[in-house]
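A.B. asks: Sequence:
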Amino acid sequence: MDRRPSRKTHAVSPRQMPDRLLLLAAFALGAGGGVALKLLGVDPLLSAGFAALVLIAYAAATYYTTPLRLEPEAIGDNCYYLGFLFTLTSLSVTLYFVVRSGAESRAELIPEVISGFGVALSSTIMGVFLRVLMMQFRVDLVTREQHTRLELDMAARELREEMARSLRQVKSFSLESLQLAGERDEAMRRQSDAVLAGVQAQMQHTAALVGETVQAAVRDQTALAMAAIREQGAVGMLELRAAIQDAALAMLDSARTAFTALDAEKGVVTGFRLTVADEIGRLSAALAGATDQMAEQSDRLARSLDRAVAQYEDAARRLAFATAALDATLTAPPARQTAAERERKLRAELDEPNGRGD
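The letter at position 357 of the sequence shown is residue 357 when you use full-length UniProt numbering, and the numbering goes up by one with no holes.
Heads up, some of the hints might be wrong.
The following label-pair restraints were derived from C-beta to C-beta distances [unchecked claim]: (1) MET188 with SER304: 31 to 41 Å; (2) ASP193 with ARG168: 35 to 45 Å; (3) ARG20 with PHE137: 42 to 52 Å; (4) PRO111 with PHE137: 38 to 48 Å; (5) LEU121 with GLY32: 17 to 27 Å; (6) MET188 with THR213: 27 to 37 Å.
These aren't lab readings, by the way, just hints derived from the structure by calculation. Even glycine gets a Cβ: it sits at the ideal position worked out from N, Cα and C.
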């Protein structure tokens with residue numbers, strides 16, 4: 001089904017129908033009422049008041065009624081045109097009466113015509129007044145734009161001032177923060193120095209105690225080793241003396257037995273000699289074994305003493321290097337090293353004397 005194109009722009013009416021109906025009703029009421037009152041011959045002031053009342057009612061209805069509300073400028077224009085139409089209608093009726101009258105009565109109608117013109121002009125005056133009044137309620141876009149621009153300028157100025165104050169506050173806060181950070185760093189530095197000094201003193205005291213303890217332990221070990229050497233030497237000498245005494249007693253017993261049996265049996269001289277030779281050989285072997293044992297024990301003791309002295313010297317060197325490294329670490333300015341790097345460096349310094357000792 002074909003549809004004819006609508007003549008309305010975007011199919012939307014520029015004005016709503018109730019507004020138009022109200023305008024037509026106001027025109028009909030004002031014009032009809034004015035004509036009726038003129039025909040009835042009422043007072044002209046009443047006709048003028050009726051027209052003014054119609055105009056005021058129309059203006060109030062279109063301004064305060066929400067469904068019929070128009071812009072103040074449109075209301076003023078409508079009131080102006082309605083008043084002008086009322087004036088023209090009243091003039092038309094007055095001229096009609098003048099034309100209808102005869103030539104004899106026209107001179108008498110001149111005052112009525114003049115009064116009719118006055119009544120007609122009163123509606124125009126009221127329409128112009130309402131138009132001027134409604135123009136005061138009009139939204140002046142230019143003025144509003146100027147006020148808006150002024151408000152925006154004032155807001156921008158206040159924003160700039162507020163930003164300047166904020167920047168000054170941020171700057172002062174930054175300065176205070178830097179000052180507080182400097183004071184905090186200085187306080188932390190003093191506390192760190194005090195703690196490092198205390199730790200250094202404590203470590204030096206601990207190192208001195210450790211050194212004294214190691215020296216005392218080495219002295220005790222040396223004394224124990226020397227006592228063991230003396231004890232083993234004394235035991236070896238006692239064993240050697242007992243062996244020699246036993247051998248001598250055995251030789252005396254053998255000689256006594258041999259000399260006793262010499263008279264009875266001279267044929268055993270050769271056996272006695274062999275026996276004496278064997279005893280002397282055993283005694284020499286025992287004496288050589290005891291001497292070798294004493295020499296071996298003396299060598300073993302000497303080696304043990306050398307190892308103890310070497311261990312003591314190694315421990316002393318380690319303690320000296322550890323103390324020096326600790327002093328250097330505590331007295332030197334703090335370097336940007338990790339704990340693992342410092343530990344590796346300290347281990348390297350501690351292992352260096354071992355390499356030179358080996």
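A.B. asks: Evaluate each hint against the coordinates.
C.D. replies: Right, here's what the structure says about each hint:
{"no.": "1", "hint": "MET188 with SER304: 31 to 41 Å", "verdict": "violated (54 Å)"}
{"no.": "2", "hint": "ASP193 with ARG168: 35 to 45 Å", "verdict": "holds (37 Å)"}
{"no.": "3", "hint": "ARG20 with PHE137: 42 to 52 Å", "verdict": "violated (22 Å)"}
{"no.": "4", "hint": "PRO111 with PHE137: 38 to 48 Å", "verdict": "holds (40 Å)"}
{"no.": "5", "hint": "LEU121 with GLY32: 17 to 27 Å", "verdict": "holds (20 Å)"}
{"no.": "6", "hint": "MET188 with THR213: 27 to 37 Å", "verdict": "holds (36 Å)"}
Comparing the model with each earlier hint shows violations of hints 1 and 3; every other hint is respected.
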